[in-house]
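Asks: Sequence:
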Amino acid sequence: MTDVEPIPLAELTTLRTGGAPARMIDAHTRDELVEALRETWADAEPWLVLGGGSNLFVGDEPFAGTVVRVLTSGIERLPAARPGFVRLKVQAGHSWDDLVAYAVGEGLAGIAAMSGIPGTVGAAPVQNIGAYGQEIAETLVEVELIDEETGEVSVVPVADLGLGFRTSVLKHHYGSLPQRPAVILSATFELAEVGSGDLPVRGEQLRTALGLGPTASVSLGWIRDHVLETRRRKGMVLDDSDPDTRSAGSFFQNAIVSAAFARTLPDACPRWPLRALLDPVTVIPLDVYDGVVPHPISGESDVKVSAAWLIEHAGVRKGFSLPRSRAAVSSKHALALTNRGDGTAAELAELARFIQGRVQSEFGLILQPEPVLVGVEL
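For the sequence shown, full-length UniProt numbering gives the first residue as 1, with consecutive numbering after it.
The hints are all genuine.
Capping the alpha-carbon separation at 30 angstroms, the derived lysine-lysine pairs in DSBU-like fashion look like this:
hint, residue 1, residue 2
1, 332, 318
2, 304, 318
3, 304, 234
4, 332, 304
5, 332, 234
Calculated directly from the structure, the hints in this document are not laboratory data.
Just need the whole structure built from these sequences, with the hints factored in.
Replies: In structure tokens form, the structure reads like this:
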């Protein structure tokens, strides 16, 4: 590991906010990363692990602690137990989109719809990244992580990560601490070997986004190219020449509400059930069965509703900004808050609070931020 001259976080995060930390360490290998984290935790000072900086919203004041930059990289191809599949063990600092490009080039299916998502592989499981109907949870097998409390390194199966919609036990949600404070060192994925030819496109959400019919067959390369183009049109692929990409991606999460609350929203608001409803199974031991089967209690699925639709229909349009502010809603995508040039975290936070207030006033719910907030409050 290497102590380096601290760099302002505004130069290392896609929202371009944040001062320089008191100390900065670059970790280029797994062992350096383990050593840096153990040393930092032993000092009991504030710390921050920084990968691609694409999911961070950092306050204007200098960070009074240590920033550990994860600069590890590498893909190891491993056999899988299932025929027709392969496993890829990827170092935490590896670019997520570089991993997708590698998988597509090798004819490995399962993550092509997540092309163009910025950030690193180590950050991806923390919030269970996803796009167009694909999520990390579908292909992730396990992660190697180091535990903050003990400093021990262990391999944790995906079932123990509590992956949900943009969440996991590792994520630092706004207003709360992670259930398991730890840092991912590597992640292992299991992908299907399908080759470079055309194949049916799974998932209605992906087919709709790409304008494909239910029987369409295309190659993984075609999917990647068209997903990247779709994201570019929304300003969701990093481009120094496009101020709409100076963002943390979707600033607000799509809201998860009860089915009953969803019915109070306008019919035009896009919504998606979170899980399929299955008929309940009742098991009655024979020694207590009295001939009466209790009436099943049916439950309704929670519903994901479109935060972008709520924002726009609360009167906040694409390109909106407050007077004299250098923060603005993206001109292409209502969920992205952008830094239009030397904007401060205070200006972005002011805009975020304004949007939250408008949506709450109009629809009765509070949108939650998706990025990790460091030294800033909403």
